[in-house]
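Peer 1: As they're listed, the protein sequences go chains U and F. Take the first sequence: its letter number 75 is residue 78 in the numbering used here, and every next letter is one higher. Take the second sequence: its letter number 81 is residue 765 in the numbering used here, and every next letter is one higher.
Do not take every clue at face value.
Unchecked claim - Heads up, incomplete: computed chain F residues facing chain U, CB under 8 Å, no partners named:
#1 Pro784
#2 His792
#3 Thr794
#4 Gly823
#5 Trp825
#6 Thr835
#7 Cys839
As the list claims (entries may be wrong) - Here are the computed lysine-lysine pairs in the PhoX-like style, where the Cα-Cα straight-line distance is at most 25 Å:
#8 Lys10/U with Lys28/U
#9 Lys82/U with Lys799/F
#10 Lys731/F with Lys24/U
#11 Lys52/U with Lys833/F
Treat the hints as calculated values from the structure; they're not laboratory data. Backbone N, C-alpha and C fix where the C-beta goes; we use that ideal spot for every residue, glycine too.
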Amino acid sequence: MAKARVKVPKTAKAGDVITIKTLIKHKMESGNRKDKKTGKKIPRHIIDKFTAKYNGEVFFSSDWEGGVSANPYCAFTCKVDKSGDFEFVWHDEKGEEYKATAKITVG
Amino acid sequence: MSKMRIEVIDRRTFMIGAGTAAAALAGLGLPSLANATPEQAMDFIEKLTGGAKPAEGKVKIEMPEIAENGATVPTKVSADSPMTDQDYCKSISVISTKNPYPHICTFHFTPRSGKAWASIRVRMATTQDVYAVAQMSDGKWYITKTTVKVTIGGCGG
């Protein structure tokens, strides 16, 4: 149901600060909207935590609440020093986790 | 002005009348289900900093002056920091003064982040001031604000 996309440069020089862009398909149902037919509030269902790892080390994370837009876009940076792997994890309040990975070659 | 107050009071009365949920939430110190106020935003900031008064400077927030679609407003935050192991920005929080809840999001950085910078898209319920509050590794807090004019509100309430 939720699809995550990430944009990470494929190569970089040691010491570069690279920009990473992420996007995930998710309604981010804030719990403030009402069902137009029944008048009842649509229950809250949001992604509440995003975590980014580089070679196993968490270097960036973010706590989200209902004020983050649907299909959350989030960009941030990382100072790279060697080749390796990125792992990105989105955790939603229902306990679901969505993951994406990327590789980078650092010369 | 008085028209706004009546609307809010009516919403609050409705919520309290509809069940004990709103009263219970109010008892927990969480914002009521009506839109938050600048005072609640200040309360949130005070809790965030543990009572420390943030200084101005070092942290920036960039949002459009006019947001045509309140459902998705591009927001960039950054802090002036060398991001070394000894001296780095630990976090930046984005706080609304008129959304249903003051806290929109918090970014956590490490020296490995390279820059204290993040970009996200947020919901803006209505024209309002938005604060960014940053904490550095030395424990100091910094604050800044911007104003966003919203033509179509984006919180669905």
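Peer 1: Tell me if the straight-line CA distance from Lys52/U to Lys833/F falls inside 25 Å.
Peer 2: It is violated: about 28 Å lies between the C-alpha atoms, which goes past 25 Å.
Peer 1: Does the interface hint hold: is Thr794/F within less than 8 Å of chain U, judged Cβ to Cβ?
Peer 2: holds (5 Å)
Peer 1: Restraint: Thr835/F near chain U, CB-CB cut 8 Å. Satisfied or not?
Peer 2: violated (16 Å)
Peer 1: Check the hint pairing Lys82/U with Lys799/F against an upper bound of 25 Å on the C-alpha distance.
Peer 2: Given that 25 Å is the threshold and the Cα spacing comes to 8 Å, the pair holds.
Peer 1: Against chain U, with CB atoms and a cut of 8 Å, does the hint on Pro784/F hold up?
Peer 2: The hint holds - Pro784/F has a Cβ within 8 Å of chain U, the shortest such distance being about 5 Å.
Peer 1: Using 8 Å as the Cβ threshold, decide whether Gly823/F counts as touching chain U.
Peer 2: violated (20 Å)
Peer 1: Next pair to validate is Lys731/F with Lys24/U; report whether the Cα-Cα distance is within 25 Å.
Peer 2: violated (31 Å)
Peer 1: Taking the least C-beta to C-beta distance, is Trp825/F closer than 8 Å to chain U?
Peer 2: violated (17 Å)
Peer 1: Hint validation: Cys839/F versus chain U, beta carbon distance must be below 8 Å. Holds or violated?
Peer 2: holds (5 Å)
Peer 1: Would you check whether His792/F satisfies its interface hint, that is, whether its CB is within less than 8 Å of any CB in chain U?
Peer 2: holds (5 Å)
Peer 1: Would the hint linking Lys10/U and Lys28/U be met if the CA-CA limit is 25 Å?
Peer 2: holds (15 Å)
Violation of the numbered hints given earlier is confined to hints 4, 5, 6, 10, 11; the remaining hints are satisfied by the structure.
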